[in-house]
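Top to bottom, those sequences are chains X and C.
Position 24 of the first sequence, counted from 1, bears residue number 24 in my numbering, the numbering being contiguous throughout.
Start counting at 1 in the second sequence, then tack on 561, and there's your number in my numbering.
Simulated from the structure, these hints should not be mistaken for laboratory data.
The structure displayed is predicted, hence computed values, not measured ones.
A few of these clues could be false.
[Stated by the list, open to error] Derived CB-CB ranges, DEER-like:
{"id": "1", "chain 1": "X", "residue 1": "T70", "chain 2": "C", "residue 2": "T752", "range": "31 to 39 Å"}
{"id": "2", "chain 1": "C", "residue 1": "T752", "chain 2": "X", "residue 2": "P146", "range": "46 to 54 Å"}
{"id": "3", "chain 1": "X", "residue 1": "P492", "chain 2": "C", "residue 2": "N746", "range": "40 to 48 Å"}
{"id": "4", "chain 1": "C", "residue 1": "R575", "chain 2": "X", "residue 2": "L516", "range": "48 to 56 Å"}
{"id": "5", "chain 1": "X", "residue 1": "K232", "chain 2": "C", "residue 2": "R700", "range": "55 to 63 Å"}
{"id": "6", "chain 1": "X", "residue 1": "R220", "chain 2": "C", "residue 2": "S629", "range": "58 to 66 Å"}
{"id": "7", "chain 1": "X", "residue 1": "G520", "chain 2": "C", "residue 2": "G765", "range": "53 to 61 Å"}
{"id": "8", "chain 1": "C", "residue 1": "N649", "chain 2": "X", "residue 2": "E316", "range": "49 to 57 Å"}
{"id": "9", "chain 1": "X", "residue 1": "D342", "chain 2": "C", "residue 2": "G577", "range": "23 to 31 Å"}
{"id": "10", "chain 1": "C", "residue 1": "R575", "chain 2": "X", "residue 2": "E427", "range": "19 to 27 Å"}
{"id": "11", "chain 1": "X", "residue 1": "L523", "chain 2": "C", "residue 2": "N649", "range": "29 to 37 Å"}
{"id": "12", "chain 1": "C", "residue 1": "G577", "chain 2": "X", "residue 2": "R340", "range": "16 to 24 Å"}
The C-beta atom is built at its ideal place from N, Cα and C for all residues, glycine as well.
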Amino acid sequence: MTGVFTLWKHGVKTGLLGGLITVLLSLMGMVQAFSERQIVSGVFSMDQALLAVAVVFVGYLAAKRTTSTTPLWVVINSLTCGFVTAGMIMLLLVIGDLINLRAVFINASPVLYQLLSFGHGFESAPLLFVAYPLCSLFAGILYLLPAALRRMFTASLTCVIGAGILQDLLRPTLAAWGSLAEAAEWIFTANGLTEQGASALFLVISVVTLVWSLKGKAVRTGYKRLPPSGQKTLRWSGIAALLVVLFILPQILGIFLSEVLTIVGLYVLLGLGLNIVVGYAGLLDLGYVAFFAIGAYATAILTSPELGFFSLSFWEALPFAVLLGVVFGVLLGIPVLKMRGDYLAIATLGFGEIIRIMVLSDFLRPWLGGAQGIGKIPKASIAGFEFGMPQEIYYLILAGCFLVIFISLRLKDSRLGRAWKAMREDEDVAQAMGINLVATKLLAFGTGAAFSALSGAIFATKLTSVYPHSMNVMISINILCVIIVGGMGSIPGVIVGAAALVGLPELLREFAEYRLLVYGLALVVMMLVRPEGLWPEAVRRREFHEEEVDENNGATAKASS
Amino acid sequence: MAIPILTAKRTTKRFGGLVAVDELDVEIKEKSIHSIIGPNGAGKTTFFNCVTGFYRPEEGEIQLNSHSLIGLLPDEIVRLGIARTYQNIRLFPSLTAMENVLVGLHCHLRANYFGIVADLPSTRKEEKEATEEAKRLLRFVNLTGKGDLMAKNLPYGEQRRLEIARALATKPRLLLLDEPTAGMNPSETQTMMDFIRHLRNEVGITILLIEHQMRVVMGISEIVTVLDYGKKIAEGPPEEIKRNPIVIEAYLGKGSAAETQGVAA
Chain X
1 MTGVFTLWKH GVKTGLLGGL ITVLLSLMGM VQAFSERQIV SGVFSMDQAL LAVAVVFVGY
61 LAAKRTTSTT PLWVVINSLT CGFVTAGMIM LLLVIGDLIN LRAVFINASP VLYQLLSFGH
121 GFESAPLLFV AYPLCSLFAG ILYLLPAALR RMFTASLTCV IGAGILQDLL RPTLAAWGSL
181 AEAAEWIFTA NGLTEQGASA LFLVISVVTL VWSLKGKAVR TGYKRLPPSG QKTLRWSGIA
241 ALLVVLFILP QILGIFLSEV LTIVGLYVLL GLGLNIVVGY AGLLDLGYVA FFAIGAYATA
301 ILTSPELGFF SLSFWEALPF AVLLGVVFGV LLGIPVLKMR GDYLAIATLG FGEIIRIMVL
361 SDFLRPWLGG AQGIGKIPKA SIAGFEFGMP QEIYYLILAG CFLVIFISLR LKDSRLGRAW
421 KAMREDEDVA QAMGINLVAT KLLAFGTGAA FSALSGAIFA TKLTSVYPHS MNVMISINIL
481 CVIIVGGMGS IPGVIVGAAA LVGLPELLRE FAEYRLLVYG LALVVMMLVR PEGLWPEAVR
541 RREFHEEEVD ENNGATAKAS S
Chain C
562 MAIPILTAKR TTKRFGGLVA VDELDVEIKE KSIHSIIGPN GAGKTTFFNC VTGFYRPEEG
622 EIQLNSHSLI GLLPDEIVRL GIARTYQNIR LFPSLTAMEN VLVGLHCHLR ANYFGIVADL
682 PSTRKEEKEA TEEAKRLLRF VNLTGKGDLM AKNLPYGEQR RLEIARALAT KPRLLLLDEP
742 TAGMNPSETQ TMMDFIRHLR NEVGITILLI EHQMRVVMGI SEIVTVLDYG KKIAEGPPEE
802 IKRNPIVIEA YLGKGSAAET QGVAA
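Pulled out of the complex, with its shape left as it was, chain X reads as follows (with noise of 0.2 Å):
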């Protein structure tokens, strides 16, 4: 008996898991805020998407848990997990019933427990037993399927609801391509896909990631097979096309899209100067924001007429706030230079705040604006080209993270780089070796700062004016997020970071709530997942992959003897 039990237990202890996420993610109004949008018009909205992949992920745990390798064991616990799930949903539905629950939470309103209950309250409150197996079913068929059947399903199913949510990016994209403005309208409605349109993208992605699965491997050996000069004019290649798509993308995109673009954009540029400091140098700066502001209220003084000083062009302050921003990045290292780890985290989480109340304060106002900042300053423009559009300030901000990617990448592996990535590693080691920590802590905070500063001048300009409450600690906290997602000391890793912590949440509107909280889940799963970052260094991939590093070592050994 307890030997079935054993084989029991895990189906039950992820149900009530998926229980838990469930009732939380309803009891916190995610479900109600998601229900407005469709997948799948008409046939399958947000909030039920959320639950789908919330039970299907507690469903897979389950049978991924499961100690026996029978298949009949699998089923049985993932079938469980969803029934333990249907039930906590059931028991929400009986409690709000009984008593008024709104009274502790606010989002449990009856709206929410008709979405739960599919409509029909209590009527139809027993399809949860149907719907929730279900989806905890295709988990744990989903895993004792071959990899190849697994990565399709997760794949073309993944890219459907992607498609689904991101509808507002891609529809009018599409639309806007004459030919194409057809084939929006056959996939797409007003709010979601169409339902043949759904299933054309499943059955597409399906087949390519099939195809990839089985051809993949010969086209990535074809290319290592390739001369390198063959390789050489492929990635160059690649490399230009890339630049093209960069280079016309806002025309495609329209003027919201663009605007999320230069916020991705600006990021990028802080994620790279951070890079710099913690990725490289492995120093934490918690008030890396204070050389944002320091760009920014550089240039506002320098160019605005509502202060009076000086009524420079955006282009003649600029590199005085870039060096401003190197002063007061070395300053501020000056005094830090001796503290490691979270003493250090401390020190500079102090200087932003510093920064962001001198800003505030009264006793500064007439030459820093105080809590109303500064107005009126002029967009930049060159040869009477203005950028005021965010289409237009798209350039700016892309010609900016071209310059910062190409000084990061020659500083990676350059003797300073490596002189940063030793003192990461271990600092009194790489004094050993003959590293002078002073100039080289210096000269981290200082680049790092530099860029920080040249994103905070374009910040100013893109929105003529500027104020300390867009100073504040957050956004310190979201650059270390975003290089910690995209991966530690990687450069595109940063890139990638950016666009998924920074551009996602802009497009949906309905997470903008929920913003903090998946940060926080975003951090966790990738602690859990993959350590490594999304996009991680090339050593650091082969560091958390070590089975393919023994293959390919196996491989070399071979070849070599």
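Following the hints, put chain C in place on chain X, whose structure we already have.
Here is chain C on its own, set in the frame of chain X:
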């Protein structure tokens, strides 16, 4: 009489009430292999830390070729030509073997910030030469082809050798080895002994080592200094040290000297 490369005069290092190194006088002769031995806590590693600038001795003087080292920072001392390895290997774990050696070359490279960003021809040339030199050093310590592996993923013996390669990259005249054969099996130990001898004979580097394995100490060193409670209790060629009753007493306790001699006789 060979010239001393390193001279310590009445060097004293205290930690609060504990005197870790007590008025130590040592002379290391140019191109010698000199061992420092002593029971645990005798102050051997503390003395190493004083020489390399991690600790500043309270009293006394340490000179490299009559150039005082007192008050210099570790990065300044390594430039003068003293490199070291650590008792518990301290590589840069997440850097590749190649990068570890390149960091060792750091103080012989000139590249500055603007040269790096502008990718000046001189910087590029220097970087290429450094890579060649690093490859040569990896080959020298028998780590050819391991350059792209992360240091922490190397087996123990290879990590020890990589640490020596990194120390050699700083082009030292005096190399301090802190228990280079710790945790090695007899055949690995023999290889390491041959390697140390090779370093001195072929490359001409003076070696100062701390060692616990008597076989190594007696096998390769020309002079042995024995420390106990921070004080020098004996110094001389290995054969003399082996028979010195004070040394035996320090290691095995009072009365042991007589017993051992009795057994030996």
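How the hints compare with the structure:
1. Range check, T70(X) to T752(C): Cβ separation about 52 Å, and the 31 to 39 Å hint is violated.
2. Distance hint check for T752(C) and P146(X): the Cβ-Cβ separation is about 48 Å, which falls inside the suggested range of 46 to 54 Å.
3. As the Cβ distance of P492(X) to N746(C) is approximately 44 Å, the hint placing it in 40 to 48 Å holds.
4. The beta-carbon spacing between R575(C) and L516(X), approximately 52 Å, falls within the hinted interval of 48 to 56 Å.
5. At about 28 Å, the CB distance of K232(X) to R700(C) disagrees with the hint of 55 to 63 Å.
6. Taking 58 to 66 Å as the suggested C-beta distance range, the pair R220(X) and S629(C) conforms, at roughly 59 Å.
7. For the hinted restraint 53 to 61 Å between G520(X) and G765(C), the CB-CB distance of approximately 59 Å keeps it satisfied.
8. At roughly 56 Å, the beta-carbon separation of N649(C) and E316(X) lies within the given 49 to 57 Å, and the hint holds.
9. In this structure the hint that D342(X) and G577(C) lie 23 to 31 Å apart at CB holds, the actual value being about 26 Å.
10. Restraint check, R575(C) to E427(X): a C-beta distance of roughly 25 Å satisfies the suggested window 19 to 27 Å.
11. Checked against the hint of 29 to 37 Å, the pair L523(X) and N649(C) passes, with Cβ atoms roughly 32 Å apart.
12. Range check, G577(C) to R340(X): Cβ separation about 23 Å, and the 16 to 24 Å hint holds.
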